[in-house]
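The task is simple: from the sequences and hints, build the whole structure.
Chain order of the listed sequences is Y and U. Each residue of the first sequence is one higher than the one before, counting from 24 in my numbering. Each residue of the second sequence is one higher than the one before, counting from 85 in my numbering.
To list a few chain Y residues with every Cβ distance to chain U over 10 angstroms, as calculated:
1) Phe137
2) Phe170
3) Asp320
4) Ser434
5) Gln501
Below, a sample of chain Y positions facing chain U; criterion: calculated Cβ distance under 8 angstroms:
6) Met24
7) Thr27
8) Gly113
9) Thr114
10) Ser116
11) Phe117
12) Leu119
13) Pro122
14) Val123
15) Glu257
16) Ala259
For the record, the hints were derived by calculation from the structure and aren't laboratory data. Ideal Cβ placement from N, Cα and C applies to all residues, glycine included.
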Amino acid sequence: MLRTLLWKEWRQLRQLRWVGAGLGALLPMVALFAPRAARHGWVPFVGTTDPYSANEILLEALPLALGLGLWPLIALLMTAQAFSGDRASGTESFLLERPVSRTRMWVARTLASFGSTWLVVTVSFLIWLGITAMATKTASGRWSFAFEGLLGVGPLATAACLLGGMIAASILNAPLAALLLGVVLVMVPVFIASTLAEWFSLATLADLPVGLFIPALLLVAYPLASWVATCRGEPAGRGRIFRGTTTIAAGVLVVGLVFVASAPTAVRALAKRLDHGADLSPSPAGPSACFGSSRQDSGGWIVDLETGDRIHFLAPPFWQARWSGDGSRMAVVTMSGPLGSSRSTIRIEFYDAQGRAAGRALRYDETTWTYRVRWAGDRLLLHEATVDTVKVEPETFRLRVYDPDTGESRSADAPGYLQMSGLVGPTTDGRIFAVILEAEDRDKDKDDGKRGSRYGLYPVDLETGEIASEPLLEDVGQAWAAEEALSPSGRYWILDRRAGRGEPRPILDLESGEEIAVEGLVRQARWLNGDVLFWFDTVGSERRLVTVEPGGTPKVLRSWSDLGVGLQVSPDRERLLVTAFRDLETQSEIVLEQQIDQTWVFDPTDDRWTELTSWPAHPYKGSAYATTWAGPRTLARTGPRVLAFESLERPGEFIPVIGSLDD
Amino acid sequence: MSRPAVVWEGVKRRFGRTVALAGLDLAVEPGTVMGLIGRNGAGKTTALRLAHGILFPDAGRIRVLGLDPVNDGLEVRSRVSLLTEESSLYPWMTVHEILRFGAGLHPHWDRDLADGLAKRLDLETSARISTLSRGTRAKVALVLAVACRPRLLLLDDPTAGLDPLVRREVLEGVLEAVPSEGGAVVYASHLVHDVERVADHVAVLDRGHLRLHGALEGIKDRIRKVTAVFEDGAPGGLSLPGTIDSRAEGRVLTVVAEGVNGDLDHSLRSLGAREVEVEPISLEEILVACLRQGGDRESEVEHA
Numbered sequence: 024m025l026r027t028l029l030w031k032e033w034r035q036l037r038q039l040r041w042v043g044a045g046l047g048a049l050l051p052m053v054a055l056f057a058p059r060a061a062r063h064g065w066v067p068f069v070g071t072t073d074p075y076s077a078n079e080i081l082l083e084a085l086p087l088a089l090g091l092g093l094w095p096l097i098a099l100l101m102t103a104q105a106f107s108g109d110r111a112s113g114t115e116s117f118l119l120e121r122p123v124s125r126t127r128m129w130v131a132r133t134l135a136s137f138g139s140t141w142l143v144v145t146v147s148f149l150i151w152l153g154i155t156a157m158a159t160k161t162a163s164g165r166w167s168f169a170f171e172g173l174l175g176v177g178p179l180a181t182a183a184c185l186l187g188g189m190i191a192a193s194i195l196n197a198p199l200a201a202l203l204l205g206v207v208l209v210m211v212p213v214f215i216a217s218t219l220a221e222w223f224s225l226a227t228l229a230d231l232p233v234g235l236f237i238p239a240l241l242l243v244a245y246p247l248a249s250w251v252a253t254c255r256g257e258p259a260g261r262g263r264i265f266r267g268t269t270t271i272a273a274g275v276l277v278v279g280l281v282f283v284a285s286a287p288t289a290v291r292a293l294a295k296r297l298d299h300g301a302d303l304s305p306s307p308a309g310p311s312a313c314f315g316s317s318r319q320d321s322g323g324w325i326v327d328l329e330t331g332d333r334i335h336f337l338a339p340p341f342w343q344a345r346w347s348g349d350g351s352r353m354a355v356v357t358m359s360g361p362l363g364s365s366r367s368t369i370r371i372e373f374y375d376a377q378g379r380a381a382g383r384a385l386r387y388d389e390t391t392w393t394y395r396v397r398w399a400g401d402r403l404l405l406h407e408a409t410v411d412t413v414k415v416e417p418e419t420f421r422l423r424v425y426d427p428d429t430g431e432s433r434s435a436d437a438p439g440y441l442q443m444s445g446l447v448g449p450t451t452d453g454r455i456f457a458v459i460l461e462a463e464d465r466d467k468d469k470d471d472g473k474r475g476s477r478y479g480l481y482p483v484d485l486e487t488g489e490i491a492s493e494p495l496l497e498d499v500g501q502a503w504a505a506e507e508a509l510s511p512s513g514r515y516w517i518l519d520r521r522a523g524r525g526e527p528r529p530i531l532d533l534e535s536g537e538e539i540a541v542e543g544l545v546r547q548a549r550w551l552n553g554d555v556l557f558w559f560d561t562v563g564s565e566r567r568l569v570t571v572e573p574g575g576t577p578k579v580l581r582s583w584s585d586l587g588v589g590l591q592v593s594p595d596r597e598r599l600l601v602t603a604f605r606d607l608e609t610q611s612e613i614v615l616e617q618q619i620d621q622t623w624v625f626d627p628t629d630d631r632w633t634e635l636t637s638w639p640a641h642p643y644k645g646s647a648y649a650t651t652w653a654g655p656r657t658l659a660r661t662g663p664r665v666l667a668f669e670s671l672e673r674p675g676e677f678i679p680v681i682g683s684l685d686d
Numbered sequence: 085m086s087r088p089a090v091v092w093e094g095v096k097r098r099f100g101r102t103v104a105l106a107g108l109d110l111a112v113e114p115g116t117v118m119g120l121i122g123r124n125g126a127g128k129t130t131a132l133r134l135a136h137g138i139l140f141p142d143a144g145r146i147r148v149l150g151l152d153p154v155n156d157g158l159e160v161r162s163r164v165s166l167l168t169e170e171s172s173l174y175p176w177m178t179v180h181e182i183l184r185f186g187a188g189l190h191p192h193w194d195r196d197l198a199d200g201l202a203k204r205l206d207l208e209t210s211a212r213i214s215t216l217s218r219g220t221r222a223k224v225a226l227v228l229a230v231a232c233r234p235r236l237l238l239l240d241d242p243t244a245g246l247d248p249l250v251r252r253e254v255l256e257g258v259l260e261a262v263p264s265e266g267g268a269v270v271y272a273s274h275l276v277h278d279v280e281r282v283a284d285h286v287a288v289l290d291r292g293h294l295r296l297h298g299a300l301e302g303i304k305d306r307i308r309k310v311t312a313v314f315e316d317g318a319p320g321g322l323s324l325p326g327t328i329d330s331r332a333e334g335r336v337l338t339v340v341a342e343g344v345n346g347d348l349d350h351s352l353r354s355l356g357a358r359e360v361e362v363e364p365i366s367l368e369e370i371l372v373a374c375l376r377q378g379g380d381r382e383s384e385v386e387h388a
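Structure, rendered in structure tokens:
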């Protein structure tokens with residue numbers, strides 16, 4: 024019986040197949056001759072001086088016209104004719120009055136309309152291929168563009184139109200109205216996809232928002248809706264529209280539910296991906312740390328340093344995770360919304376070391392930006408700007424002191440003629456300073472790194488947020504790097520004075536006002552507690568780790584030949600992580616690939632060097648793997664899809680956090 | 085006792101705000117030809133399409149050859165044929181193709197019967213449906229309807245608009261096709277003479293209501309026209325026993341009544357009728373009387 028039905032449906036679409044194939048044959052012909060005619064000025068809208076070439080039309084315009092024009096149109100026409108043609112012509116009852124299963128009718132119509140469409144698609148593709156191959160001599164790149172359209176987007180659009188067209192024609196009697204409704208129904212998942220992708224852009228899979236492809240499920244609901252509309256209920260069709268639209272609505276609901284169910288998983292999966300390793304925010308006192316991917320849009324966790332357990336997920340996007348000095352609380356700036364949305368307003372949230380909310384969140388409106396966050400005891404010091412929302416640039420700057428326990432805050436505008444560049448501190452006695460550029464040098468800081476800018480270090484009143492009117496000191500150099508210049512106690516300042524790379528710098532004693540000359544001191548120097556300074560200097564091919572206490576004599580601690588070295592200060596400023604690496608590939612002074620050779624922790628209290636096991640276990644080409652601080656006495660070993668902790672108490676024993684160490 | 089070919093029990097069906105059937109109770113016994121008569125819109129087509137399982141009832145129950153057309157629609161349609169006034173034939177098919185197509189859809193298709201009937205009805209099998217006259221299309225539809233040897237044939241005014249010769253051919257073809265034992269025909273039409281020619285039972289439908297039903301001869305025997313002449317003008321608004329319809333014009337009162345006996349005569353004479361004449365009545369007149377009565381009732385309801 025199915026064969027009989029199929030014969031009828033196939034015959035009924037015969038005219039459409041001929042017309043479709045004819046159009047498919049005619050279009051390349053037109054493309055072939057139109058440019059020649061255009062040279063004689065016979066084709067409207069195409070100038071005679073620079074007419075399109077046959078190559079361009081055959082390889083660029085025609086694939087689009089076929090893939091996004093003719094084929095989808097044929098698909099809609101075929102389904103409209105197959106599913107509503109009989110109703111429109113009054114012959115529907117012939118089959119209904121016979122002992123024929125409506126499901127078989129539906130299957131026959133589906134097979135006939137789909138088969139006819141793909142036959143036209145194949146024929147017109149082959150005609151295009153033949154004519155284009157004969158008429159053009161062109162590079163393979165242009166062919167690939169055409170094939171992408173004709174073998175990729177075109178069939179997808181055609182399939183979508185077949186599915187949308189069959190439900191439209193199943194519920195409407197008029198084929199032309201069904202054709203238009205088919206277009207609308209094809210656009211529905213496209214609209215939902217673009218909306219979900221825009222609103223929930225951070226729920227991604229393979230770098231594509233999941234909201235972009237989950238609505239494709241709706242296309243699966245269309246044939247189901249078509250079947251329910253035509254094969255269920257009364258054969259004469261009462262309730263057909265209701266059944267069809269209800270099924271579509273159910274499909275939309277399913278799409279929504281699948282998205283709601285999958286988006287959080289996708290968000291977390293992306294956070295675990297760690298393509299370029301983890302970005303850690305270590306606590307100066309433990310017992311937890313916070314990490315996220317180096318991609319700001321991928322979320323992260325608060326993690327227990329001891330066990331490696333992920334305690335609390337921080338939805339993306341978040342940034343500036345900062346632990347208080349005692350490690351009891353963390354502040355984080357976030358714009359996260361549900362299901363991977365980043366359309367929420369900016370706010371600062373607070374968590375304790377166990378990942379529980381620990382303070383009143385501070386919410387901003389869209390006119391405020393937050394630049395810097397510093398803990399000052401139990402309160403938070405925030406560097407904010409009021410934004411011109413039209414120009415999208417900051418207008419005025421201010422400092423705010425926020426108490427997360429009470430939600431109270433005080434703020435004071437930064438002096439109008441100054442631009443704040445950074446916050447320095449807190450010092451061991453709790454002071455914080457603002458680095459402020461002088462007005463005429465604002466733009467030079469970023470333009471000319473060597474020349475630098477004039478800036479001042481201004482004490483900040485941590486009760487009111489007010490910035491002192493007079494600077495504690497003035498310097499000339501790169502203000503953005505000034506945050507490392509102040510010693511932990513706040514007594515010493517490494518002067519910049521526009522010193523070039525490798526040029527020595529003096530230290531300024533802020534108590535006495537004296538300048539202390541230090542031989543070989545460079546900008547990348549790091550302070551540890553007790554105001555002890557460490558830096559690397561270079562003598563020939565030798566790199567040396569040098570230390571000095573202001574006023575004392577520099578002492579070489581260790582040296583390396585033909586290796587690069589890196590220095591990281593522990594979050595409690597008690598010890599150093601020293602990494603020696605080999606540059607594998609450089610280009611114009613930019614290191615592209617490095618291989619880490621050795622890693623040590625140096626504890627200055629007892630001059631002890633602890634050599635760590637290699638990370639990764641096997642030498643690895645590339646700088647994707649890194650060792651960094653996760654806590655005062657815990658290291659983070661990180662790389663693509665992996666993060667592990669290593670306690671200094673138990674060196675060599677890795678605590679997995681993300682991924683497997685065996686990979 | 086044999087099972088009815090079709091039974092409608094309290095069947096109701098609406099189309100939007102229009103009531104097509106308002107609680108139809110009717111049974112068609114096997115071996116009978118039931119004439120279903122009524123005006124256009126009386127509910128005849130709806131009753132047949134409900135029996136064929138193409139429409140579903142809003143309320144009530146239908147049994148066709150013991151089957152439920154709602155749940156056993158395929159089985160019902162394999163045993164029951166529906167022949168309509170404007171049969172929906174595919175205009176692009178030839179007669180041969182549509183007969184072959186019909187054969188492919190029907191499990192009980194009798195090819196010899198179809199070929200024989202097509203030959204007898206002078207059907208040119210190579211002709212395209214779109215080129216056929218209305219009468220010839222009706223013949224094609226007839227072949228399609230009867231070649232599957234239905235146990236029950238539902239005819240929905242299949243001869244309306246056809247010339248008398250074709251009407252006769254079609255009706256004869258129908259009656260021949262239905263098995264003499266156990267088969268049944270329901271013939272819905274507003275052409276009373278056609279119905280009267282073939283039906284042995286009739287039912288009168290009006291605006292979804294069954295006004296009258298029974299064996300044709302019995303109805304004709306039961307219902308009579310009574311003409312009473314009064315001296316001073318016929319009285320109006322009378323309530324006489326068995327009255328279906330009554331009309332007073334001047335001194336003459338015409339009553340169509342069921343079960344006419346001495347009571348009516350006595351009643352009329354007691355009201356002052358000088359002459360009372362009782363005469364037989366045609367089916368068409370009975371139908372008109374029924375429909376007028378139904379119309380009056382509707383009007384009363386509407387005015388109430």
